[in-house]
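Enquirer: As a plain string of letters, each chain reads:
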Amino acid sequence: MNRFAIRCAAGLSVPFLLAACSSAPSSGGGSGTGAGPGGQVTITVGDRPSSSDPANRANFDKRVADFQKANPDIKLNPVETIWDATTFQAQAAGGQLPDVLNVPFTEPQGMIARKQVADLTQVLKDQGLLDKFNPNVLKIAQDKSCNVFAVPTAAYSLGLVYNRDLFKKAGLDPDKPPATWDELRADAKQITQKTGQAGYAQMTTNNTGGWMFTAQTYAFGGSIENEDGSKATFDDAPSKAALQLLHDMKWTDKSMGQAVLYDINGISKVFAAGKVGMFMAAPDTYRTLVQQNGLPSSAFGIGPMPQQGGDHGTLSGGSVQIVSPNATDAEKVAAVKWIKFNYLNKYVNQDAAVTSAKAGVAAKLPVGTPGLPVISAEQWSTYQGWIKPYVNVPLENFAPYTKVAADQKIIAEPPVKAQEVYAALDPVVQTVLGNEKADVGSLLTKAVGTVNAKLGR
Amino acid sequence: MLFALPVLLVFLVFSWGPIVKGLVMSVQQTNLVDPVKWVGLDNFHYVLTDPGVGQAALNTLWFTLLALLFGFPVPVLLAMFLSELRGRSWLYTTLAYLPVITPPVVAILLWRFFYDPSPSGMFNTILGTVGLGPYPWLDSPSSAMPSIVLEATWAGAGNAVIIYLAALTSVRADLYEAAELDGAGVVRRVWHVMLPHLRGVLLLMLLLQVIGTMQLFTEPLLFTGGGPQNSTMTILLLIYNYAFVNGDYGAATALSVLLAIALAVLSAVFQLATRGWSTE
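So the sequences go chain by chain: Y and X. So the mapping is simple: this note's numbering equals the position in the first sequence, first residue as 1, plus 507. So the mapping is simple: this note's numbering equals the position in the second sequence, first residue as 1, plus 280.
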């Protein structure tokens, strides 16, 4: 456990230390417009599903109504705003963010540094939530003094999504996805030779190239930044081996197809169309692939992240709820109550778990998709028991992933300027997949220079 | 004067306000939440030493050059051709203008489908029937930018055609008749009657095209995200990334100011150089 983790664990387990390392309650620097007559607080909450997704929207609206009934002193104003890397900064700058918003794990650290999120430590403590979280996951939302700036509500670790039908056609065992990158390479080659489709594909654009390369580097035992995020570290042997493997699969084995430019939407479409055998993704890709892109659920398979040269671990991701830095104390309390009601209650309350699962089934959403626990492991397994009768995803297709993921070490994203680092790595991956003569070593050395300049700014 | 005041105020606030604010932000470090920090020319130093800026500038110039070579003559020729047609010319004009009214996002999604690099992609299938390809189109750094030029020319030509056609309708019919009586064929009519009349409009359109192409943004954002290998990363896309992905408004505005200065200088030089050409 690193020093940061020890400090935070100590802070969480010892109330005295917790009090010492949590900040003073905010003095309410917000707009103060939230409190209405009779002490009623109004907050805007983001992530309301759009009207093109009516079942999901109705489900969300019902939860809003239920919450308001249970909390008559809080009024919610649901809006359709969702987090988007390309619009978030503008919305934050223009004061257009809702009071509560769902954002991915890559963001909290940058937001904390830029003071774009409210400190929730005291409110979470008052609401009895602070000690309920999986400490590994909570780290994502803490600063160096262990103050908590966001509430984790979903977590996953990346694995290897594969097409079970293509595996069968290629003569591979669909219940046995590759466990190492050498096996992955052999399987990809076999898929291409036997079926004519790309055995493996990798995302490369809009920062996903860097994201996936980070995951791959971790699986090879490497790192992207040093511990305090002051220097780039990906010009060493594991990253080089990872990149060289991609190069060889593309140019020697010819098992990666012609297309180079994929983002998550693009790769989901070709994968669902049966043109790609494997790609790195999280279990929640199930929804995108099966519900949005029409992949038969029987063809969906996910295994753990293949490792190389030892059991190194896999990149984690997920989402947290943030609260606007302009929120008043009363608004912060209202926001945390809503987050607890909407996202966390189901994990700790059987009725809430069953209601939520039933609503999910009615809205035709995947219920029971495996992921990492945001709460303690024991509570997580109790929750799984509660929702078992309502699970509507083929759990056996997730079995290779779940068997390993529970114990696999999870590694956080680069601690500083993750999105900028990913952006600088996109062209590296694109070059290797687009140019047979690409020099892996010099590409990485050059990218390290670019990233160091960004980290130093 | 009193009646003009509201208009003037609106103009100052909404048109010049952001420009002045941009100039101020280029010498500040701000995330628009914390108090601003004045950093002098630091932002300019940062963007000028960013290797990405040099490549983005070269890519932008490369696009401008390709657009001038291929994109500029197409609408001129199309307009001349349309003006020569007798009957149903409205139909052909409509067809030429149609791509302009297609929303850019829709057009780009459509062309991404055309540019599918696999042998079963739309363009590759067509070319395959005559034994050509498959070509990587957007997926290779050497062909990505020309592919974008092709789409941008298709999407933008209609606008220019309409302007050239309007200019050509102002040519007096008796000039054509006189030329025809003198035995001038199509080529000589184009050379001696049409082109001299279009000269002023051509020069203006040339300047507008250069300024427009230097601000290329939508196509690389939606087609390639700046890839492959940064080969379609343009200055404007970089500014956008600085601001809206990295939250570095100082760097974004500094680069915007540099681009604006470059375009202003370019326009001034162009005006000076072509002062004598637009009128005879």
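Please note that a few of the clues may not be correct.
To be verified - With a straight-line cut-off of 25 Å between C-alpha atoms, the simulated DMTMM-like cross-links for lysine to aspartate or glutamate are:
hint: 1; chain 1: Y; residue 1: K961; chain 2: X; residue 2: D454
hint: 2; chain 1: X; residue 1: K317; chain 2: Y; residue 2: D650
hint: 3; chain 1: Y; residue 1: K847; chain 2: Y; residue 2: D672
hint: 4; chain 1: Y; residue 1: K910; chain 2: Y; residue 2: D672
hint: 5; chain 1: Y; residue 1: K953; chain 2: X; residue 2: D330
As the list claims (entries may be wrong) - Far from chain Y by the CB rule (all over 12 Å, computed), these chain X residues:
hint: 6; residue: I299
hint: 7; residue: V300
hint: 8; residue: L312
hint: 9; residue: L338
hint: 10; residue: S363
hint: 11; residue: L371
hint: 12; residue: R392
hint: 13; residue: L418
hint: 14; residue: W434
hint: 15; residue: L482
hint: 16; residue: I491
hint: 17; residue: M513
hint: 18; residue: V525
hint: 19; residue: A542
Hints are computed from structural coordinates only; laboratory data are not their basis. Glycine included, C-beta positions come from ideal geometry on N, C-alpha and C.
Enquirer: Where does the structure disagree with the numbered hints, that is, which hint numbers, in rising order?
Expert: 1, 3, 8, 12, 13, 17, 18
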